[in-house]
Amino acid sequence: MADKPEILSGLAEIVEEVAGIEKAEVSAEKSFVDDLDIDSLSMVEIAVQAEDKFGVKIPDDQLAELKTVGDAVDYIAKNR
Amino acid sequence: MTATPVTQIVVTGFGATTPLGGDVASTWDGMLAGRSGVRRIDDADHEWVTRHELPVLIAAPLAVSPTEVLPRVQARRLDRCEQVALVAAREAWAHAGAPGVEPERLAVVVGTGIGGAVTLLDQDDLLEGPGLRKVSPLTVPMLMPNGPAAWVGLELGARGGVHAPVSACASGAEALAWAVRLLRAGEVDVVVAGGAEACITGITVAGFVQARTLSRRNDEPDRASRPFDAARDGFVLGEGAGIMVLERAEFAAARGATVHGRVAGFGITSDAYHITGPDPEGTGQARAITAAVRDAGLEPSDIGHVNCHATSTVAGDIGETRAVRRALGEHPVLTAPKSALGHLVGAAGAVESIITMLSLSEGVVPASLNIDELDPGVELDVVTGGPRKMDLTAAVCDSFGFGGHNVAVAFTKV
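So the protein sequences, as listed, match chains A and B.
Here this note's numbering is used: the first residue of the first sequence is 1, the next is one more, and so on.
Here this note's numbering is used: the first residue of the second sequence is 1, the next is one more, and so on.
Incorrect hints may appear among the rest.
Derived pair list, reagent style DMTMM-like, types lysine to aspartate or glutamate, alpha-carbon separation capped at 20 angstroms [to be verified]:
(1) K53(A) with D34(A)
(2) K53(A) with D35(A)
(3) K134(B) with E29(A)
(4) K389(B) with E362(B)
(5) K4(A) with D37(A)
(6) K57(A) with D74(A)
(7) K67(A) with E25(A)
(8) K134(B) with D74(A)
(9) K67(A) with D35(A)
(10) K134(B) with D39(A)
(11) K78(A) with E29(A)
(12) K134(B) with E51(A)
(13) K57(A) with E22(A)
(14) K413(B) with E299(B)
(15) K134(B) with E13(A)
(16) K78(A) with E22(A)
(17) K23(A) with D3(A)
(18) K57(A) with D35(A)
(19) K134(B) with E16(A)
(20) K53(A) with E22(A)
(21) K134(B) with E6(A)
(22) K134(B) with D3(A)
Away from chain B, derived, C-beta distances all over 10 angstroms, residues of chain A [as the list claims (entries may be wrong)]:
(23) E6
(24) G20
(25) E25
(26) E29
(27) S42
(28) V56
(29) E65
(30) A77
Incomplete in silico selection of chain A near chain B, CB under 10 angstroms [as the list claims (entries may be wrong)]:
(31) L8
(32) G10
(33) I21
(34) D35
(35) L36
(36) S40
(37) V44
(38) E45
(39) V48
(40) D52
Note that these hints are calculated values from the structure, not bench results.
In this text, a Cβ means the ideal position worked out from N, Cα and C, and glycines have one as well.
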């Protein structure tokens, strides 16, 4: 089982690269759409980079379920 | 002057990013100083030049990269042609004092000749290489030719329509003409209009090389673009953007805006002659100029100056001087801004319109560079050697494009 803080940190780096949101802002309870204002196109980019970084598969139907940063961290931790 | 059109269209702001500078002021200063924006590009940033052994080693790249100006995250979502459009639009909008216009009464018309070709190539490389997963979800909005207009519309919150004329090297001028139509029709009160281009890449250079249209004066980059010179051997590919804020005069007056000039009229014609070659007699071009002058309610004798399209190709430049003589007579004084800027393709007509307007308001016409021996076919007065002070009331800016597009825009001094 992967270390969740490490996944959060890695994911935050991706979000910063793609969407320009400071790493510190990217915390578990934040909603990608409502809090971080990330659009569907950027979510696709974030998912592809997360797949490469963490060695997971994030199918489209799963991606749609990942509402918050915490959802994504949990999914990656479970599936990597 | 004869009767003026019912609705006056005024220019309240302008912005540009060009091979001479990152804004209008530095571009204009460069023009007056006789500087050239052309340089060698056989360097690390353009490795394709040497890899493909291209015979053309010169171009006119931007003086200031848009990625130095735009926030990183915004820049990575945009093709370079969209980036330059935004940079110029921001300058123009600020220059106009950020007009307080209802979003539904604000339109955008920004043309491009080629659009996001570099994105298309880059993303195709990704598809063919690492595959589908690496293709950007932003591929289509980055490569679509309405992208520059759409991003400017988003930035300014324009809800009165966003348009993108595509007429090769006449696109930027055609955008201004469309803006005038929209304003005269009363559809909107303010239009942000111009052109954007950023396509200095292997395939465009190769295509122009194969069409035998580019200068190969590689050893003297700043001498390569030489419209009207007897030894001209082709144009120099450039990149950039020019944007104007145009308003119905009464709207601008009501908000107390500073007016920098008027777009008095325009003429649009087509040659139906050849897909790339201009009609050697300049008939269609002359009709465009005549139409612009008539549309402006002016007489040919009112036009003291023509800012020429003249690209420095062997075939093109003389046809234009014939068109000017036919439409206006022997009196207009000419300059060819592409001698300094290179050819900004879809941005050319917009950037050169800004130069034309500044020539009127400042009372000085920048020199046409690199005329060592005037082509005997020109038979008109071309400004050479240095800028010329002139007391002008009206001027025409010519823009012509592959496809036989002819656009002339008439400007008057405030």
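Comparing the hints with the structure gives:
1. A distance of roughly 25 angstroms separates the Cα atoms of K53(A) and D34(A); the hinted pair therefore is violated under the 20 angstroms criterion.
2. With a CA separation close to 24 angstroms, the supplied pair K53(A) and D35(A) exceeds the 20 angstroms bound.
3. Note on K134(B) and E29(A): the hinted pairing is violated, with a Cα-Cα distance of about 29 angstroms set against a maximum of 20 angstroms.
4. Of the pairs offered as hints, the one joining K389(B) and E362(B) holds, with about 9 angstroms between alpha carbons and a cut-off of 20 angstroms not exceeded.
5. Simply put, K4(A) and D37(A) have alpha-carbon atoms about 23 angstroms apart, too far for the 20 angstroms limit, and the pair is violated.
6. Distance hint between K57(A) and D74(A) is fulfilled; the C-alpha atoms sit about 13 angstroms from each other, no more than 20 angstroms.
7. Between K67(A) and E25(A), the direct Cα distance comes to roughly 16 angstroms. Compliance with the 20 angstroms bound is thereby established for this hinted pair.
8. Simply put, K134(B) and D74(A) have alpha-carbon atoms about 24 angstroms apart, too far for the 20 angstroms limit, and the pair is violated.
9. A hinted pair counts as satisfied when its Cα atoms are at most 20 angstroms apart, and K67(A) with D35(A) qualifies at roughly 10 angstroms.
10. With a C-alpha separation of about 18 angstroms, the suggested pairing of K134(B) with D39(A) holds against the 20 angstroms cut-off.
11. Between K78(A) and E29(A) the alpha-carbon distance is near 18 angstroms, which keeps this suggested pair within the 20 angstroms criterion.
12. At most 20 angstroms may separate the alpha-carbon atoms for a hinted pair to count; K134(B) and E51(A) meet this at roughly 11 angstroms.
13. Note on K57(A) and E22(A): the hinted pairing is violated, with a Cα-Cα distance of about 25 angstroms set against a maximum of 20 angstroms.
14. The straight-line distance between the Cα atoms of K413(B) and E299(B) is roughly 15 angstroms, inside the 20 angstroms bound, and the hint therefore holds.
15. Proposed proximity of K134(B) and E13(A) is supported: the alpha carbons are some 18 angstroms apart, at most 20 angstroms.
16. A hinted pair counts as satisfied when its Cα atoms are at most 20 angstroms apart, and K78(A) with E22(A) does not qualify at roughly 26 angstroms.
17. Of the supplied pair hints, the one linking K23(A) and D3(A) holds, its CA atoms being roughly 18 angstroms apart against a limit of 20 angstroms.
18. Pair hint K57(A) plus D35(A) does not hold up; C-alpha atoms about 25 angstroms apart against a cutoff of 20 angstroms.
19. At roughly 18 angstroms between alpha-carbon atoms, K134(B) and E16(A) fall within 20 angstroms of each other, so this suggested pair holds.
20. Distance hint between K53(A) and E22(A) is fulfilled; the C-alpha atoms sit about 19 angstroms from each other, no more than 20 angstroms.
21. At most 20 angstroms may separate the alpha-carbon atoms for a hinted pair to count; K134(B) and E6(A) exceed this at roughly 24 angstroms.
22. Distance check on the hinted pair: K134(B) and D3(A) sit about 27 angstroms apart at the alpha-carbon level, beyond 20 angstroms; violated.
23. E6(A), annotated as away from the interface, keeps every beta carbon of chain B farther than 10 angstroms; the closest lies near 23 angstroms.
24. With a closest Cβ-Cβ approach of about 3 angstroms to chain B, G20(A) is found to fall inside the 10 angstroms limit, against its non-interface label.
25. Against the 10 angstroms criterion, E25(A) stays outside the reach of chain B, whose nearest CB is about 13 angstroms from its own CB.
26. Remark: the non-interface label on E29(A) is consistent with the geometry, its nearest Cβ contact in chain B lying 23 angstroms away (cut-off 10 angstroms).
27. Not every C-beta of chain B lies more than 10 angstroms from that of S42(A), the closest at about 8 angstroms, which undercuts listing it as non-interface.
28. Every CB of chain B lies more than 10 angstroms from the CB of V56(A), the least distance being 13 angstroms, so the non-interface label holds.
29. A cut-off of 10 angstroms between C-beta atoms confirms that E65(A) is not in contact with chain B; the least separation is 19 angstroms.
30. A cut-off of 10 angstroms between C-beta atoms confirms that A77(A) is not in contact with chain B; the least separation is 22 angstroms.
31. For L8(A), the suggested interface contact is broken, since its CB lies about 20 angstroms from the closest CB of chain B, more than 10 angstroms.
32. The closest approach between the C-beta of G10(A) and any C-beta of chain B is roughly 18 angstroms, which is over the 10 angstroms cut-off, so the hint fails.
33. At its closest, the beta carbon of I21(A) sits 8 angstroms from a beta carbon of chain B; the interface hint therefore holds under the 10 angstroms criterion.
34. At its closest, the beta carbon of D35(A) sits 17 angstroms from a beta carbon of chain B; the interface hint therefore is violated under the 10 angstroms criterion.
35. Residue-level restraint check for L36(A) is violated (minimum Cβ-Cβ distance to chain B is 12 angstroms; threshold 10 angstroms).
36. For S40(A), the shortest C-beta to C-beta distance to chain B is roughly 8 angstroms, which falls under 10 angstroms, so the interface hint holds.
37. Given hint, V44(A) at the interface with chain B, holds; its Cβ is 4 angstroms from that chain's nearest Cβ, closer than 10 angstroms.
38. Nearest Cβ of chain B to the Cβ of E45(A): about 6 angstroms, under the 10 angstroms cut. The hint holds.
39. A cut of 10 angstroms between beta carbons decides the hint on V48(A): the least distance to chain B is about 5 angstroms, and the hint holds.
40. With a cut of 10 angstroms, the hint placing D52(A) at the interface with chain B holds, because the nearest CB-to-CB distance is about 8 angstroms.
Violated hints, in rising order: 1, 2, 3, 5, 8, 13, 16, 18, 21, 22, 24, 27, 31, 32, 34 and 35; the structure is consistent with all others.
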